[in-house]
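Chemist: Residue numbers (numbering that gives the first Met the number 0), protein chains in the order written: chain Z, 0 to 188; chain B, 0 to 108.
Quick caveat, the hints were computed from the structure, so don't treat them as lab data. Incorrect hints may appear among the rest.
For lysine-lysine, the following DSSO-like pairs were computed, each having C-alpha atoms within a straight-line distance of at most 30 angstroms [claimed, not checked]:
| no. | chain 1 | residue 1 | chain 2 | residue 2 |
| --- | --- | --- | --- | --- |
| 1 | B | 48 | B | 63 |
| 2 | B | 98 | B | 26 |
| 3 | B | 63 | Z | 40 |
| 4 | Z | 40 | Z | 91 |
| 5 | B | 63 | Z | 36 |
| 6 | Z | 95 | B | 63 |
| 7 | B | 48 | B | 98 |
| 8 | Z | 91 | Z | 36 |
| 9 | Z | 123 | B | 63 |
| 10 | B | 63 | B | 98 |
| 11 | Z | 176 | Z | 131 |
| 12 | B | 48 | B | 26 |
| 13 | B | 94 | B | 48 |
| 14 | B | 63 | Z | 131 |
| 15 | Z | 40 | Z | 123 |
| 16 | Z | 91 | B | 98 |
| 17 | Z | 40 | Z | 95 |
| 18 | B | 63 | B | 26 |
Covered stretches of chain B, as calculated for chain Z (at least 3 residues, CB under 8 angstroms) [said to hold, decoys possible]:
| no. | stretch |
| --- | --- |
| 19 | 43-55 |
| 20 | 61-67 |
All of these numbers come straight from a predicted model, not from anything done at the bench. Ideal Cβ positions, reconstructed from N, Cα and C, are used throughout, including at glycine.
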Amino acid sequence: MSNLVTALNGASDANGIATITEVPLQGMITLRGDLSKAAIKTAATTAAGVDMPGQSQANMNGASGITWMSTDELLILCPYGDVAANLATMTKALAKTHALAVDVSDARASFTVSGPNARDVMAKLVPVDLAKGSFEPGMFRRTRMAQVAAAFWMTDADTFQIVCFRSVADYVFEVLKIAAQPGSEVDFL
Amino acid sequence: MLILTCPCCGVTAEETEFHAGGEAHLKRFGPGSDNADFENYLFMRENPKGVHFERWRHNNGCGKWFYAARCTMTLEVFGTYLAQTYEPPADLCAKISAKRPGWSWGRFS
Numbered sequence: 000m001s002n003l004v005t006a007l008n009g010a011s012d013a014n015g016i017a018t019i020t021e022v023p024l025q026g027m028i029t030l031r032g033d034l035s036k037a038a039i040k041t042a043a044t045t046a047a048g049v050d051m052p053g054q055s056q057a058n059m060n061g062a063s064g065i066t067w068m069s070t071d072e073l074l075i076l077c078p079y080g081d082v083a084a085n086l087a088t089m090t091k092a093l094a095k096t097h098a099l100a101v102d103v104s105d106a107r108a109s110f111t112v113s114g115p116n117a118r119d120v121m122a123k124l125v126p127v128d129l130a131k132g133s134f135e136p137g138m139f140r141r142t143r144m145a146q147v148a149a150a151f152w153m154t155d156a157d158t159f160q161i162v163c164f165r166s167v168a169d170y171v172f173e174v175l176k177i178a179a180q181p182g183s184e185v186d187f188l
Numbered sequence: 000m001l002i003l004t005c006p007c008c009g010v011t012a013e014e015t016e017f018h019a020g021g022e023a024h025l026k027r028f029g030p031g032s033d034n035a036d037f038e039n040y041l042f043m044r045e046n047p048k049g050v051h052f053e054r055w056r057h058n059n060g061c062g063k064w065f066y067a068a069r070c071t072m073t074l075e076v077f078g079t080y081l082a083q084t085y086e087p088p089a090d091l092c093a094k095i096s097a098k099r100p101g102w103s104w105g106r107f108s
């Protein structure tokens, strides 16, 4: 059995104005198909144990949840060890539906940015209005983070969780560290 | 800088989240077409000063293609609409007519 590690082996940095931590192994399943179909909704909600999110929303419950990636794509989060079982259940439930469910846990990296200045740090890197009231917990956004694609949501008022491709995990971690350099508060948002 | 609204996922973002995909509403002429039609399809493009229709892709977001109507001179974006159509929606054309009376672009006006 190989030794399972995350992209940066749990790297974290607390020297800056926000704490950046790599999220431990997180199960992720991409589900594509017609999101209006009952079979797809049921498969997603059964695997994640939360309700279907609306457009550009994320429904989270601890390490489980569903995020709305696009009009025909969901990212389902679940505990890492449950992925195989969930995938088998979903594949069986979706056998007669035009849909695709794939385990992408090891193809992604995930980070949290937390602290009172988390909004500042994120706002330096993404072309998104992160002012209070414009972006709040429950919302979900796919965008670019500096030069790479990323998606994020807020787990609480001071914490962002980011999902990016594993191949750019080091870039994302470094660019977050730069955006969180000590003394770089913007205090605008 | 353009501010575009993706008609698929509803996100409004500036242009670095999107990718331009060239002129909109091209009609393809493939095998069996005559040379003039093929040349027109492959090489000839509108190059307007003013109202222009383009394809865009929300490549750092939902990944979907859509159409956008904008002004090449002022960079004003008149509107965006879904790609599953052969022509701009009538309400968008009316909106453009109100702002740029007498506009024409390719076979639309």
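Chemist: Hints first: check each against the structure and report whether it holds.
Modeler: Each hint, compared with the structure:
Restraint check for residue 48 of chain B and residue 63 of chain B: satisfied, since their Cα atoms lie roughly 27 angstroms apart, inside the 30 angstroms limit. Taking the CA atoms of residue 98 of chain B and residue 26 of chain B, the gap is about 27 angstroms. The hint holds against a cut of 30 angstroms. Distance check on the hinted pair: residue 63 of chain B and residue 40 of chain Z sit about 21 angstroms apart at the alpha-carbon level, within 30 angstroms; holds. Restraint check for residue 40 of chain Z and residue 91 of chain Z: satisfied, since their Cα atoms lie roughly 14 angstroms apart, inside the 30 angstroms limit.
Restraint check for residue 63 of chain B and residue 36 of chain Z: satisfied, since their Cα atoms lie roughly 20 angstroms apart, inside the 30 angstroms limit. Under the criterion of a C-alpha separation no larger than 30 angstroms, the hint pairing residue 95 of chain Z with residue 63 of chain B is consistent with the structure, at around 26 angstroms. The hinted pair formed by residue 48 of chain B and residue 98 of chain B meets the criterion: a straight-line CA distance of about 14 angstroms does not exceed 30 angstroms. Under the criterion of a C-alpha separation no larger than 30 angstroms, the hint pairing residue 91 of chain Z with residue 36 of chain Z is consistent with the structure, at around 16 angstroms.
The hinted pair formed by residue 123 of chain Z and residue 63 of chain B meets the criterion: a straight-line CA distance of about 26 angstroms does not exceed 30 angstroms. For the hint pairing residue 63 of chain B with residue 98 of chain B, the CA-to-CA distance comes to about 28 angstroms; that is within 30 angstroms, so the pair holds. Restraint check for residue 176 of chain Z and residue 131 of chain Z: the C-alpha separation of about 23 angstroms stays at or below 30 angstroms, so the hint holds. Among the hinted pairs, residue 48 of chain B with residue 26 of chain B is consistent with the structure: their alpha-carbon atoms are about 22 angstroms apart, no more than 30 angstroms.
Of the pairs offered as hints, the one joining residue 94 of chain B and residue 48 of chain B holds, with about 18 angstroms between alpha carbons and a cut-off of 30 angstroms not exceeded. This hinted pair checks out: residue 63 of chain B and residue 131 of chain Z have alpha carbons roughly 28 angstroms apart, not beyond 30 angstroms. Between residue 40 of chain Z and residue 123 of chain Z the alpha-carbon distance is near 35 angstroms, which puts this suggested pair outside the 30 angstroms criterion. The hinted pair formed by residue 91 of chain Z and residue 98 of chain B fails the criterion: a straight-line CA distance of about 55 angstroms is larger than 30 angstroms.
Among the hinted pairs, residue 40 of chain Z with residue 95 of chain Z is consistent with the structure: their alpha-carbon atoms are about 14 angstroms apart, no more than 30 angstroms. At roughly 20 angstroms between alpha-carbon atoms, residue 63 of chain B and residue 26 of chain B fall within 30 angstroms of each other, so this suggested pair holds. Counting residues of the stretch 43-55 of chain B whose beta carbon lies closer than 8 angstroms to any beta carbon of chain Z gives 0, which falls below the threshold of three, so the coverage claim is violated. Three residues within the 8 angstroms Cβ limit are the bar, and the stretch 61-67 of chain B against chain Z gives 3, so the coverage statement holds.
Violated hints, in rising order: 15, 16, 19; the structure is consistent with all others.
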